Every structure is written in structure tokens, then in C-alpha cells.
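Colleague: Each chain, written out:
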Amino acid sequence: MKHDPAMKDAVDCTGAMERLFDLLDEELDEGTVQRVKKHLGGCTHCFDRADFERRFLSAVAAVRAEGPMPGALRARVMAALRAEGWVG
Amino acid sequence: MMTDTAPAADRAAFSALALGVMDDVYRFARSLTRDPSDAEDVVQETYLRAFRSWHTFQPGTDVKRWLFTIARNVFLRSREKSQREVALDDDGAAAVEATQAQEAWVRGGLDPLLDRSDLGPAIDAAIAALPASFRAVVTLVDIEDQSYESTAEVLGIPVGTVRSRLFRARKLLQERLAQYAIDAGLISARQKASRSTP
Chain A
228 MKHDPAMKDA VDCTGAMERL FDLLDEELDE GTVQRVKKHL GGCTHCFDRA DFERRFLSAV
288 AAVRAEGPMP GALRARVMAA LRAEGWVG
Chain B
-14 MMTDTAPAAD RAAFSALALG VMDDVYRFAR SLTRDPSDAE DVVQETYLRA FRSWHTFQPG
46 TDVKRWLFTI ARNVFLRSRE KSQREVALDD DGAAAVEATQ AQEAWVRGGL DPLLDRSDLG
106 PAIDAAIAAL PASFRAVVTL VDIEDQSYES TAEVLGIPVG TVRSRLFRAR KLLQERLAQY
166 AIDAGLISAR QKASRSTP
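These protein sequence lines map, in sequence, to chains A and B.
228 is the number of the first residue of the first sequence in this note's numbering; add one for each residue after it.
-14 is the number of the first residue of the second sequence in this note's numbering; add one for each residue after it.
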């Protein structure tokens, strides 16, 4: 959680955009979150940009659901573990 | 080391916790090696080491973070690649000096694609094409949902470096996906240009 001592007051477009990924990654403290969100609520340009980045990150995160691991790998790892004494 | 004489609870915990996240460990190994076969070797060695040192795992902590750290060490030791990683990072940085105009151009092309459900393979390919150090942060933060702090610990780099690599990696991914959109005929270069006009 990034504490941002420079964020005591309202943020402008530059400040909001500099902290955009920190916001979307939930890396900001609550006070900074509120200030950045307040700016986004009143600035169409920054809101659109934030919405784009949020949708982009959701699309990237969705790759996780595709489960790329080959089925044979699990069996191979289990066999190697059994050879080491694993009895699960 | 945990053997068949180890308490049943330990064995059960290893099975439930460590083996339950093998998909995630494989995905991270793929991001490190870029080669499926090498990734499988890293996964196997990671689990053998994890099994031998399971007694050092602290219950209640993040098992993925623990396994990712082991996987990275396995990878670095097998390839002795740490020096090369620095070079790749520099290459990546040079590749992503995006101007505001470029960013707008990329957003214009990518925006209409983001809600498509068939974008996964293109994103996967774009991640695979990233420089190694960028792939690792994107995989850990964006796909494995690790915090910046956890990612920094796994990769042995400062949090600030995680942040800057992540920013560059994401911009590079967006650029490549926008290009993919044109190459695949999903959007024309003219559409892209007009969408980026404020």
C-alpha cells in the first residue's frame, strides 16, 4: 500500500494519471484513493483513460482462466515427488 | 526434508496448498523461460525443492509467493541468466518510449477490442513476446494477482522497479495488441487513427 505524503490536497490530471495504475492495482492508501477517485469523477478525460486501463487489465487477468498447464506435467511432478518419499 | 515419516498433516498440507497451485507455478515458469519444455523442468525442480523444505514454509503465509520465489531461484540457477536479464530489461525500456500521441493512437485501436471474449490468445502471445523481466512482472501482478511488494520479493528487485517495469510492460502490451487488431483485420488503420483523434 503506497502512502503518498504529497497527496494531502486535491489532485490534478497529472497527479491522477501518475497514480492510475497504483489505484487500479490497489496499491494506494485509502486517503489517496479517495482523492484520485474524486478527480476521476469530475474529469471526463481522466475517467475515460482510467476506464480504458481498467478494462485492459481485466482482459489481461482473464488469461489466467485459460489454464495452460499440460496434463502430463502434473503426473510427472507427482512421480518425481513419490520418488522423493511423498505419499500423498 | 519431508519423507513418508513426516506427520500426515504436513503431507496433507503440502498436497492441498502447494500442489493446488501448480497451474500458477507453471504459468510463472513459462513467463521466465518462454519455453514450455524448460518451464516443465523448472516446475518439477521447484516442487522437489518445495517438498524437501516444506518444513520452512510458514502456515498462513502466501504459498504462491513462496513457490514463485523457489521457481525463480531454480530458473536463475539452471540458466545462470541474471546478467542477461539486465540486458533484456534495457532493451525493453528502449522499446517503450511512448509519446502521448502514440498512447492515444494505441488506445484508439485497442479500446473496441477489450470486451471481446476471444482476445485471450492474442494477449497470451503478446505477453510471451515481452522481454523476460517485463513478462515476469506482468505475470505476477496482472495474472497471478500478486502485490507490488510480493512481486519485488519474488524477483529480488525494489518495489519502484516493479512499478516502472509494469508500466512499460503494459504500454508495450497495448501497443502490440493494437497492432494485432490491425493485422487481424479487426480494425483498420484509418479507424484507429480516427478513434485516437480527441
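It should be emphasised that the hints constitute simulated quantities derived from the structure, not laboratory data.
Given the structure is predicted, the values throughout are model-derived calculations rather than measurements.
One thing to keep in mind: the hints can contain errors.
Claimed, not checked - Some chain B residues judged to face chain A by a derived CB distance under 8 Å, without partners named:
no.	residue
1	M7
2	L33
3	Y133
4	D168
Unchecked claim - From the structure, some residues in chain A lie toward chain B, with a derived Cβ separation under 7 Å:
no.	residue
5	C240
6	G242
7	M244
8	F274
9	R281
10	A286
11	V290
12	R291
13	A307
14	E311
15	W313
For every residue, glycine included, the Cβ atom is placed at its ideal position computed from N, Cα and C.
Colleague: None of the hints should be skipped; say for each whether it holds.
Modeller: Structure-based check of all given hints:
1. M7: Holds. Min distance 6 Å.
2. L33: Hint holds; L33(B) Cβ to chain A Cβ min 6 Å, cut 8 Å.
3. Y133: holds, 5 Å
4. D168: violated, 18 Å
5. C240: violated, 12 Å
6. G242: This hint is violated: G242(A) lies away from chain B, its Cβ roughly 16 Å from the closest one there, beyond 7 Å.
7. M244: violated, 10 Å
8. F274: violated, 13 Å
9. R281: Status violated, d = 9 Å.
10. A286: holds, 5 Å
11. V290: holds, 5 Å
12. R291: holds, 5 Å
13. A307: Interface hint status for A307(A): holds (5 Å vs cutoff 7 Å).
14. E311: holds, 6 Å
15. W313: Since the shortest Cβ distance to chain B is 6 Å, the answer is holds.
Comparing the model with each earlier hint shows violations of hints 4, 5, 6, 7, 8, 9; every other hint is respected.
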